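Make a model of the complete structure from these sequences and hints.
Sequence order for the protein chains is A and B.
In my numbering, each number is its position in the first sequence, counted from 1, plus 493.
In my numbering, each number is its position in the second sequence, counted from 1, plus 493.
Any given hint might turn out to be false.
Stated by the list, open to error - The calculated lysine-lysine pairs, modelled on DSS-like cross-linking and capped at a C-alpha distance of 25 Å, are: (1) A:K734 with A:K838; (2) A:K544 with B:K609; (3) B:K536 with A:K544; (4) A:K568 with B:K544; (5) B:K568 with A:K815; (6) A:K815 with B:K609; (7) B:K815 with A:K536.
Keep in mind the hints are simulated off the structure, nothing from the lab.
Predicted model only: the values in this text are computed from it and were never measured.
Number of protein chains: 2
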Amino acid sequence: MGFRFELIKECSQTGARLGRIHTPHGVIDTPVFMPVGTQATVKAVLPRDLKEIGASIILSNTYHLYLRPGFDIVKEAGGLHEFMGWNSPILTDSGGFQVFSLGSLRKITDDGVVFKSHLDGSEHFISPEKATEIQNALGADIIMSFDECVQYPCDYSQAQIAVDRTTQWAKRCKNAHKRDDQALFGIIQGSVYKELRFKSVADLVEMDFPGYSIGGLSVGEPKDKMYEVLDYTVPLLPRDKPRYLMGVGSADALIEGVMYGVDMFDCVLPTREARHGTVMTTKGKIVLRNATYSRDYNPIDPECDCYACSNFSRAYIRHLIKADEILAAMLTSIHNLKFLIDLMKKLRKAILEDRFVEFKQNFYK
Amino acid sequence: MGFRFELIKECSQTGARLGRIHTPHGVIDTPVFMPVGTQATVKAVLPRDLKEIGASIILSNTYHLYLRPGFDIVKEAGGLHEFMGWNSPILTDSGGFQVFSLGSLRKITDDGVVFKSHLDGSEHFISPEKATEIQNALGADIIMSFDECVQYPCDYSQAQIAVDRTTQWAKRCKNAHKRDDQALFGIIQGSVYKELRFKSVADLVEMDFPGYSIGGLSVGEPKDKMYEVLDYTVPLLPRDKPRYLMGVGSADALIEGVMYGVDMFDCVLPTREARHGTVMTTKGKIVLRNATYSRDYNPIDPECDCYACSNFSRAYIRHLIKADEILAAMLTSIHNLKFLIDLMKKLRKAILEDRFVEFKQNFYK
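What follows is the structure, given as structure tokens:
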């Protein structure tokens, strides 16, 4: 019933790999895209619909749940799975990224981070120990160590401090971690500096985590820079451990990430764009709000078999968007998530059949 | 495949009756509560979830669909059923009530109503013929004649003018009506004046509509007044035709209405209150936003078997409400609709077993 990563197959031409993660709440086929449920809900999607879409694991945020409703309430409710009615695997982010995003509202020391709540301005302190305690209380299957995530651009000396701190904090998280039914991942930092990424990997691999996250990317750098970092960082990570690229979820970045050997991805993009009326299709993105779709009676994507595409037209969904109807966000969120989850399914099939490179080439055509 | 009302059983002590309405898109067991989908969507509920809840017919609004997206688009899409992905029965309101609610934005003459759109201020004219043409284009199974609905209080002479106009307009709607797969109902007006209600009933019954709506109630009058009107109006309506009380949907008013012999009801209340975090339970209404529910791990209503009550706690739904999450409205809407639809199911069972009076007494205990 514990955590285990099974490496099933590796691509003969790239770093792409097919795997399976076993957790107390079920199995995750990798590469996988994880829908984000920041506040203990994937916005506008019922858990049973997430299941139908094919989501095998979702992500939630320590920072948000700590502030609201409070981790004591989630614990009292029987843990996060029970609280949010999701009995499949969950991953919680440590809150590091969220706290650092607060900018002037937070102050970092070696002890931890003092910050003001974005909700009511109240002051809080989160340390590696505290972040681990909260995540132990929430009870996700996979939890993150508390890291320092720097912005882009970031000068070398600052990035170096963050890497050293992230290493120290990872140790403290490991020591504080109390539940053997949760897998604690280490997070690699180092901005876009090769030596720093190498150092971060070396430090964390030394500690032997059951999985490794690649943090500090998709924070404003050009995509090429991100791919460059993945190119030299991922191969250093242990072959027998899952690798998670944090905060990345555009279709092209998922394919590239998989090529470099990443197994797990998460991003708010598909659901956020959905709520703004932008949908992903096999022919590219579509802004459904545009007048051009007012009499378009085709589904969002004729190649998609999601509930939205099986039952509703672009014209109808555009009407819902224009009329400010909640159903718009519900249908577009279902579609966008299904689109990315289906993409990952196709990628897994391509890796299994050793035609990943061919699949990638066709996708860009 | 046409429209037909089947009277199955009448209560031995009250006016309550059990029936079945046959329509081109399916059968409706009565008494029935019809969820409202004003803008071609029952707010925050997927059509398949409405089906699961047990909704057998939903209502939509001519006024809103005429303005947005436009009835030509709905027609082009293949009609309202196809457009909104709901292949069960639909009823459309004529727009009379909505137009009269515009107050200073509309002007009524015997010809029809000139009004300004609540969306963009553009000027429009709806006549009985136009309202019928639009409803023929939308293609609902049951459509309404265009009536003049007066507010409460309303003096006798004004109410009298509205009754006469409603009669004239009902004739014009009947003449304009072009589809025999749609049942056109007449609407009884007359405010709270017995003679006027009698006159309205006599006028419309003379015209032999396949069903009769009781309009002009639940417009601000005390509930006792409404029950008084039902008490003397409903018995005058033909026994073999369905009777629809417009805009009524609180649990107690449904039970009272059924007692007087009403077969159909609609109301935005259950979904509107749901979006504001108020839910209906067998023990009365609950305002989930209140702090008292922050650690309440019971379902909304332990006696309810809806998706929300089967999977989530009051504490979780309260968290969603506080966090402004769409999922809150989704879950509370499912629950409130299921609550009223289940209530109607229990009422039908009670009538079938001739224990309606007993059921009513127990409900108020």
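Taking the hints in turn, this is what the structure says about them:
A distance of roughly 20 Å separates the Cα atoms of A:K734 and A:K838; the hinted pair therefore holds under the 25 Å criterion. Distance hint between A:K544 and B:K609 is unfulfilled; the C-alpha atoms sit about 46 Å from each other, more than 25 Å. Only pairs whose Cα atoms come within 25 Å are accepted, and B:K536 paired with A:K544 is accepted, the gap being roughly 23 Å. About 35 Å separates the Cα atoms of A:K568 and B:K544, which puts this hinted pair outside 25 Å; it is violated.
At most 25 Å may separate the alpha-carbon atoms for a hinted pair to count; B:K568 and A:K815 meet this at roughly 18 Å. For the proposed pair A:K815 and B:K609, the alpha carbon gap of about 19 Å is at most 25 Å, so the pair holds. Taking the CA atoms of B:K815 and A:K536, the gap is about 14 Å. The hint holds against a cut of 25 Å.
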